[in-house]
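Asker: For the record, the sequence lines run as chains P and R. Quick note: the first sequence uses our numbering, first residue 385, plus one each step. Quick note: the second sequence uses our numbering, first residue 387, plus one each step.
Each statement offered as a hint is correct.
A few chain R residues facing chain P, derived, Cβ under 8 Å: (1) Ser-409; (2) Arg-457; (3) Leu-472; (4) His-491; (5) Thr-498; (6) Val-502; (7) Arg-581; (8) Thr-583.
What the simulated footprint calls covered on chain P by chain R, stretch by stretch (three residues with Cβ under 8 Å from a Cβ of chain R suffice, anywhere in the stretch; the number is not a length): (9) 412-419; (10) 435-448; (11) 465-477; (12) 481-487; (13) 579-593.
Don't read these hints as lab results, they were simulated from the structure. Don't be surprised by glycine CBs; every beta carbon is placed ideally from N, CA and C.
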Amino acid sequence: MTRKQVHLAAHFPGVNNTTVWTDPRSGSQIDFASFVHLARTAERGTFDFFFLAEGLRLRELKGRIHDLDVVGRPEALTVLSALAAVTDRLGLAGTVNATFNEPYELARRLSTLDHLSEGRAAWNVVTTSDAFTGENFRRGGYLDRADRYERAAEFVRLSRELWDSWSPDAVAADPAAGTFVRPGGIGTVEHRGRHFSVEGRFTLPRSPQGRPVVIQAGDSDEGREFAAANADVIFTPHGGLEDGKRFYADVKRRLAKYGREPHQLKIMPGVTFALGDTDEEAAENAARIRRQQVGPQTAIAFLEQVWGRDMSAYDPEGPLPEVEPDLSEGVSQGRVPIKDRAAVAAKWRALAEEKGLSIRELVIEVTGRQTFIGTPESVARLIDEHVQADAADGFILVPHLTPGGLDDFVDRVVPLLRERGAFRTHYTGTTLREHLELA
Amino acid sequence: MTLHLAVALDGAGWHPAAWRESSPDVFSARHWAALVAEAERGLLDFVTIEDALGLQSTLPDASDDRTDQVRGRFDAVLLASRLAPLTSRIGLVPTATVTHTEPFHVAIGIATLDHVSGGRAGWRPQVSPRASEARHFGRREFPPLDRLLDRLLDRPGGEDLSADPHLRDLFAEAADAVEVARRLWDSWEDDAEIRDTATGRFIDRDKLHYIDFAGPFFSVKGPSITPRPPQGQPVVTVLAHARLPYEFAASSADVVYVTPHSAEQARAIVEKVRGLSDKVKIFADLLVLLGEDAARRKARLDELDGAELVSDAAIFTGTPGELADVLLDWRRAGIEGFRLRPGAVPHDLEQVTRGLTAELRARGAFRHAYEAATLRGLLGLPRPAGRYAEVR
Numbered sequence: 385m386t387r388k389q390v391h392l393a394a395h396f397p398g399v400n401n402t403t404v405w406t407d408p409r410s411g412s413q414i415d416f417a418s419f420v421h422l423a424r425t426a427e428r429g430t431f432d433f434f435f436l437a438e439g440l441r442l443r444e445l446k447g448r449i450h451d452l453d454v455v456g457r458p459e460a461l462t463v464l465s466a467l468a469a470v471t472d473r474l475g476l477a478g479t480v481n482a483t484f485n486e487p488y489e490l491a492r493r494l495s496t497l498d499h500l501s502e503g504r505a506a507w508n509v510v511t512t513s514d515a516f517t518g519e520n521f522r523r524g525g526y527l528d529r530a531d532r533y534e535r536a537a538e539f540v541r542l543s544r545e546l547w548d549s550w551s552p553d554a555v556a557a558d559p560a561a562g563t564f565v566r567p568g569g570i571g572t573v574e575h576r577g578r579h580f581s582v583e584g585r586f587t588l589p590r591s592p593q594g595r596p597v598v599i600q601a602g603d604s605d606e607g608r609e610f611a612a613a614n615a616d617v618i619f620t621p622h623g624g625l626e627d628g629k630r631f632y633a634d635v636k637r638r639l640a641k642y643g644r645e646p647h648q649l650k651i652m653p654g655v656t657f658a659l660g661d662t663d664e665e666a667a668e669n670a671a672r673i674r675r676q677q678v679g680p681q682t683a684i685a686f687l688e689q690v691w692g693r694d695m696s697a698y699d700p701e702g703p704l705p706e707v708e709p710d711l712s713e714g715v716s717q718g719r720v721p722i723k724d725r726a727a728v729a730a731k732w733r734a735l736a737e738e739k740g741l742s743i744r745e746l747v748i749e750v751t752g753r754q755t756f757i758g759t760p761e762s763v764a765r766l767i768d769e770h771v772q773a774d775a776a777d778g779f780i781l782v783p784h785l786t787p788g789g790l791d792d793f794v795d796r797v798v799p800l801l802r803e804r805g806a807f808r809t810h811y812t813g814t815t816l817r818e819h820l821e822l823a
Numbered sequence: 387m388t389l390h391l392a393v394a395l396d397g398a399g400w401h402p403a404a405w406r407e408s409s410p411d412v413f414s415a416r417h418w419a420a421l422v423a424e425a426e427r428g429l430l431d432f433v434t435i436e437d438a439l440g441l442q443s444t445l446p447d448a449s450d451d452r453t454d455q456v457r458g459r460f461d462a463v464l465l466a467s468r469l470a471p472l473t474s475r476i477g478l479v480p481t482a483t484v485t486h487t488e489p490f491h492v493a494i495g496i497a498t499l500d501h502v503s504g505g506r507a508g509w510r511p512q513v514s515p516r517a518s519e520a521r522h523f524g525r526r527e528f529p530p531l532d533r534l535l536d537r538l539l540d541r542p543g544g545e546d547l548s549a550d551p552h553l554r555d556l557f558a559e560a561a562d563a564v565e566v567a568r569r570l571w572d573s574w575e576d577d578a579e580i581r582d583t584a585t586g587r588f589i590d591r592d593k594l595h596y597i598d599f600a601g602p603f604f605s606v607k608g609p610s611i612t613p614r615p616p617q618g619q620p621v622v623t624v625l626a627h628a629r630l631p632y633e634f635a636a637s638s639a640d641v642v643y644v645t646p647h648s649a650e651q652a653r654a655i656v657e658k659v660r661g662l663s664d665k666v667k668i669f670a671d672l673l674v675l676l677g678e679d680a681a682r683r684k685a686r687l688d689e690l691d692g693a694e695l696v697s698d699a700a701i702f703t704g705t706p707g708e709l710a711d712v713l714l715d716w717r718r719a720g721i722e723g724f725r726l727r728p729g730a731v732p733h734d735l736e737q738v739t740r741g742l743t744a745e746l747r748a749r750g751a752f753r754h755a756y757e758a759a760t761l762r763g764l765l766g767l768p769r770p771a772g773r774y775a776e777v778r
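In isolation and in its complexed conformation, chain R is listed as follows (with noise of 0.2 Å):
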């Protein structure tokens, strides 16, 4: 069985210092594709890339005027666009926020990359809680979120933030932004398209549908305006470290993002994810130095930072040998597959595409070559079947 691999690029990578070890150009497509032709040479199933609606912080919930760490990203459903046409079998999941976009922009743009992709989109929507993000905005006032944070962060599997009125809302609207791009993504039956000369008709608009979607976050008319994209429905991720995103995840996502710290945790996250919904699929993000010097390369890292690195996923440091190891040790728990954050690129995106992929090869556990043309076929999932189709 192969396990599922997946890298996250961000930046220079995940290490605040990163870019102080290679110095890329972040802000050049050419930078981009160099990472993702990488990662589609050593095989993996996807790339992810981060987003989000404000700059980066140290801070929480405010600018940190700190000049010595990248800042400044792109949006990530173009940058993804961007890098289609220069792969051709790897899965391309840009981060979306849904908090203060349109669903219906969001989900025209998920389907419009399955289109230029030929099938390989996906798609992590992300909350945006942040008082400062808000007033990028202007529209809602948020509460400062500095120490909401820190319960998201410091504690895994912390029960208590369902119980947060604010958090509870943004991801009920999350939940509902996937709801309707979903049904947007199927608004238009498969063979909608009809060209059909003698009547005059280019589609059967029987095979249109509203959507009608009301909520109270908004409502959402359809049908979409873009023709149903070639996985029927992009492959869904979320990453979640509590219940309430874990719930989110359960009902709206094919894949989740979790963070344990050990194979002990991997199995207790896997139980209560399983509780949730037997369908999601479960990948542990670890945060990945790798090399017979990681350690040394971490502690270079954390000096010119200033700070000893932290995540809220695990970090590891050791050989890519070593971790297989853990990977193959977290699967028994339960965990179908990893994304990996490398700490800096290319350094460690290379260690995973050739190191680890060789290492896990070696003891059976990763694909020789590139088994289906689609995301949803290199996941194992299926492609679904349009929910209005059997309506009629």
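If we strip away everything but chain P, and leave its shape as in the complex, we get (with noise of 0.2 Å):
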């Protein structure tokens, strides 16, 4: 029997205290060579897909702009078409939006990147219910959040609608019969719904996937509903191992309702790692990483996001005042809110007095340390055992540096992922479908 193959995806570093950039390896966030990097070692690691997230407006805190994390991105889709320049067999995978754009022009641009790429688009499908993003778009507003997704469904439906309508032979590019397209080739699509009302014809033929693979970020229980309805693959939160085991079989329980099987849906969690020679070194070295993520300032930050207020006047490296937090707004725009910022203060507090930490050191113990850490031999084991277990289908690594920060993960976790059998050696596909399984 053959093993349960391991999916991996590659992460461009992002916008939020992930990132690491004040170390001296940290590059450019916007230069092109450094999406041409780190494309390029994930498909020298038979990487199934490369990630990029999108955010349309910038972070603020306290009513200004963010400037203590890595700001500036590209446009997704155009970066990701650059990249199918540069690369062969490795996945496209662009966050875009799908409460401020349309369908037909999304589903336009979705499909040249997969004929453009032959047939490694993703689309990972988001909403927001924000008004401070909308605030850059003619479609601003909000919608709440059972709107939200019912508005995404509809979009992928409809997208889907658009893909399908040239019949496969719809191209016959006949000089001698003079038949460029086959009478009946192009259908007509139309659509009525709550949301969106087109009418019209496509103008692609079928992409070489036929439908670009459709990837799902939300955790809600809406959010798994609509994946298991509609997503190839969902990008959960879930590394752990039991956290994992659970929401997997939650999610893979659902697609039957929609009359889809297991394999039919692949769950990759978002995972951080960090190696080493030894335990203790990849340990200390996880410790650094955590440090320089979170700097002094950034400390002060995230304690301004819970408490709701100014504590800048406070040292980072000193005790957690004893100031209480403003519950009446948030401080923080541009960001998934927190919940319950009261029950939050609370536990930190208790944390840090049972711990006696600094607010520095707080902040470095309450916000996500690496999922996986130890040395390569250790951290291919546990990605192997958390496939193995049914905890997910595979992760999407998120490096702390750009470009550089999968470089050792391929060099030297990679091969023995492949040792133990768990993963290519080679690609065997061209599109994405063919490389997650999907096809």
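Given two chains presented individually in distinct reference frames, assemble the corresponding complex, making use of the accompanying hints.
Answerer: Here it is in structure tokens:
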């Protein structure tokens, strides 16, 4: 029996404090060379796909643009299209908001990327209820949570109608017969829905994958249901073994309702990692990276998001002050809001007192430690074990450095995953659907 | 003085029967890569890539069900980006519609193309007046275009277009979209990224600016999510046939493509445009079928298509040498560059890149090597200072 295969994706470092820019090895977040480096590294490691996040408004804290993290990124699909020219097999996944786009235009762009990459395009569908982000768009405003998913589901259904609207053999391109398109080959789409009303013909033939891969990244009940109904891949925050197994079972169980098989939705948590030659060295590296990720000013900024007030007068290396949180309104814009700030503050205070932590130590303690820490051997084993135990079908790796943050993983961990028989030694297919065993 | 030369790429070429001559796979990246490589070998300033938010048709505002012509097009911005890593000097100018799209997305797409290409991006903003295209979005009702379009195409320089409220709105919206894009490109000062470890600040947020654009069609807060493009502002180009689009080009564009059919018309149009702007560079569009047997080729293609070729631009058939004479004649009328629409590729493209460029060089009117690394550089356009930089 063949071993269940691990799927891997490379997340280009983003615009939050996971990405360390103070390290001397940190390169440009916008030069195309950085994207090329990470994509080629991922392709050398025979990864399934390369992943780009999106944020359509710069984040703010206390009414000002947040200046402590990396800021600035490209339009995702445009940079992925350029990467299609310098890679051959790697899947190219872009996050594109369904709230601030129209299906006809976006379906066209995704189909174009699928054609130009010969079948490697993926769309990570996100939605926003954020009037703050909406201020950059003519279709601003916001939708409540239920409407967001309903609109996104209709968006995906309509995109698939458009992708399917040319018959597979529509393009004859037969100069002798004078037939470029076969009669009746280009169908008319007539969609009347609650959110969209679209009538006409699509401008592209069916793309190599037929339908680009759809990724979904929500975690709520609505998000899971949306993924079960519509997605090929789900990008989750559940990188742990036990919560991963619960999430995995929950989402796979939902598939039957939509007439789908468990293998038709791949579950890929986003994870971070720290490597070392020994377990001790790996732990030291992990701690050092965490301190880089939570600099003194960043520690205060985290505190301010929970406390809802200006905390800049306090020493980040000193104790948590006695001041109580201001629960009236948040100070942060453009991030996922923190639920129940009073409870979070109480928990943080208890932890700081129990362990005698400074503000910065506290923030390091309470914000995401690396998912996998260890020698290449132990990280390869952990990844394989998670996948074999049905806690995941694979992982989306989030390196902390641009652009070299995946070099060590590909050089040292990937060969061990291959030795375990858990990961491909070369690409056997040409399309992303084939890599993901979705075809 | 070098003449500026661009080619307009679209499918198999601009003759509707062009695909029957060479049968290219227009839905492959390879086809486009070969064309843009040829254009770069010819040291051309840039290529443009056509696009629209609807399928090609011989009817002004409806599908025509014809099966004997190329149907289908890629998103031009993504196609340009796909070509950027395969080229190093030539400008890449995709068309992107402004009517139904989000100005924010279009602006960051073009900015990204500029980053990816190292400063070789341009943009041809295009209005979409068709009711049939509006139905692809279902947000706005447009009147049928047929009669208006007849006026647009049949009367170059016609004055009555600006009286039509639908078209007036479309061009006003287009001007706003370009204004938003330029503000977004400027919204990051060039030195906004500071990476100051002492203070923990990655950017100097005083060098990032809200653009606070508010207009009748949309409002955009800003700043951009994308750092300032290498060219500061990518090159904006506009195709214009009449007073209303001339005004749009004069207020919004760095380059305008006009469509005179004679040196005399060229002179008249230049005078009109120069009355509106002394800055915009004026290019003339020509649809060209080139070679010793050009007339015979055109007749054959016309026969295959079942109709004589028509175009908004002048149609030229003849040798590259004869074309060079025409271009230099029109240059004396004030035309500074040309956007040539090859009748069929690769043939007519190669006639431009190999034949025409040699003829122009022999007359001392075309470059021998690329002399600049950015599209602005090739066109002799300065890199604009950010508008917000001096505010402080």
